[in-house]
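*Asks:* Those protein sequences? They're chains A and B, same order as listed.
Numbering-wise (this note's numbering), the first sequence opens with residue 3 and increments by one.
Numbering-wise (this note's numbering), the second sequence opens with residue 4 and increments by one.
Read the hints as simulated data drawn from the structure, not as lab findings.
Bear in mind that the values here come from a model prediction, so they are computed numbers and not experimental data.
C-beta: ideal position from N, C-alpha, C; glycine also.
Hints are supplied without guarantee of correctness; some may be wrong.
[Stated by the list, open to error] Covered stretches of chain A (chain B as the covering partner; in silico rule of three or more C-beta atoms under 8 Å from a C-beta of chain B):
#: 1; stretch: 4-10
#: 2; stretch: 28-34
#: 3; stretch: 37-47
#: 4; stretch: 57-67
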Amino acid sequence: MIETVINFLTVLPVAAPVDTALLLVTFAYVLIASRTLYAASRRDADVSERMQHWQEVFAASARERQQKQRPSPAE
Amino acid sequence: MSKADFDKAIAEIKRAAFSRQGLKGLRSIRALLIDVTFRQELEEIIARSHNQPEERAAIAAALAEIKFAFSDQRAERTEQHSQTGLVAIGGGVALSASAILAVATQILTFPWLSIVPLAIGSYFGRQGTATNKRLALEISTLNDIVEALDDRIRSVRHDD
C-alpha cells in the first residue's frame, strides 16, 4: 500500500505536472488557511458566568442601597 | 458594596480584557459594563472617595487599562477579519475556480484529482465565511465595550 503511494508520488510529477502543481497549491493553501482560521478561532476560558455573578452582586447592592434610602413608616 | 469587592470586580474584568474571549464572554462583559447598577456602584464609590483624588485616579487608570486592552483586541480581530476574508474565502474561491478551469480546459491527466482542490476550497471558503461573521459580531461587541468604558472613564474624571 505504502509502496503504491510512493510509486504514484514519484511518477506523478513526471507523468502529470499540472496535476502535481494543482495538488501542491492545494496543500499549501490548506496549511495557510487552517493556520489563519485557527488564529481567528483561538479562545481562552469563558468568563460569562463570572460576569453574570458580578451583575447579580451589583444588582443586590443597588437594591440594598434603595432600601436604606427609603424612609421607614415610623419616620 | 465595599470598595474591596468593587476592586475585585474590576480585577476580574481586567483579567478578561487580557484574555481572548468568545462572543458569549464579550457580550457578558458588555452587559455588565452597560448595566445601570454597575454605573450606580461606580458613582457610589466615587462619591465615597470624594476627598481622595488619588483613589479616583486609580479607578480611572484601571478602567483606561481595560479599555486599551479591549482596543488592542479589536485591532487584532479587525486584522484577522481581513486576513480570513483574503486567505480563507478568497483563496478558497480561487482554488475551486482553478480546479473547475483545469477540468474544463482538459489540462489535467487525471481529471478526478480536481475533486481534491474543489472540496478543500469549498470547505475552507465556507469555514472562512462563518469565522468572518463571528469576528464581525465580536468586533461590534468590542466597539460597544470600548464606548461604554469611555463613558465610565469620563464620569470618573468629570468628578475631579
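*Asks:* With reference to the structure, classify each hint as holding or not holding.
*Replies:* Verification of the supplied hints:
1. Chain B is given as covering the stretch 4-10 of chain A, and this is violated because 0 residues of the stretch bring a CB closer than 8 Å to a CB of that chain, at least three being needed.
2. Only when three residues or more bring their CB closer than 8 Å to a CB of chain B does the claim for the stretch 28-34 of chain A stand; here the count is 4, and the claim holds.
3. Taking a C-beta to C-beta cut-off of 8 Å, the stretch 37-47 of chain A contributes 9 residues in contact with chain B, enough for the three needed, and the coverage statement holds.
4. Counting residues of the stretch 57-67 of chain A whose CB lies closer than 8 Å to any CB of chain B gives 7, so the stated coverage by that chain holds, three being the minimum.
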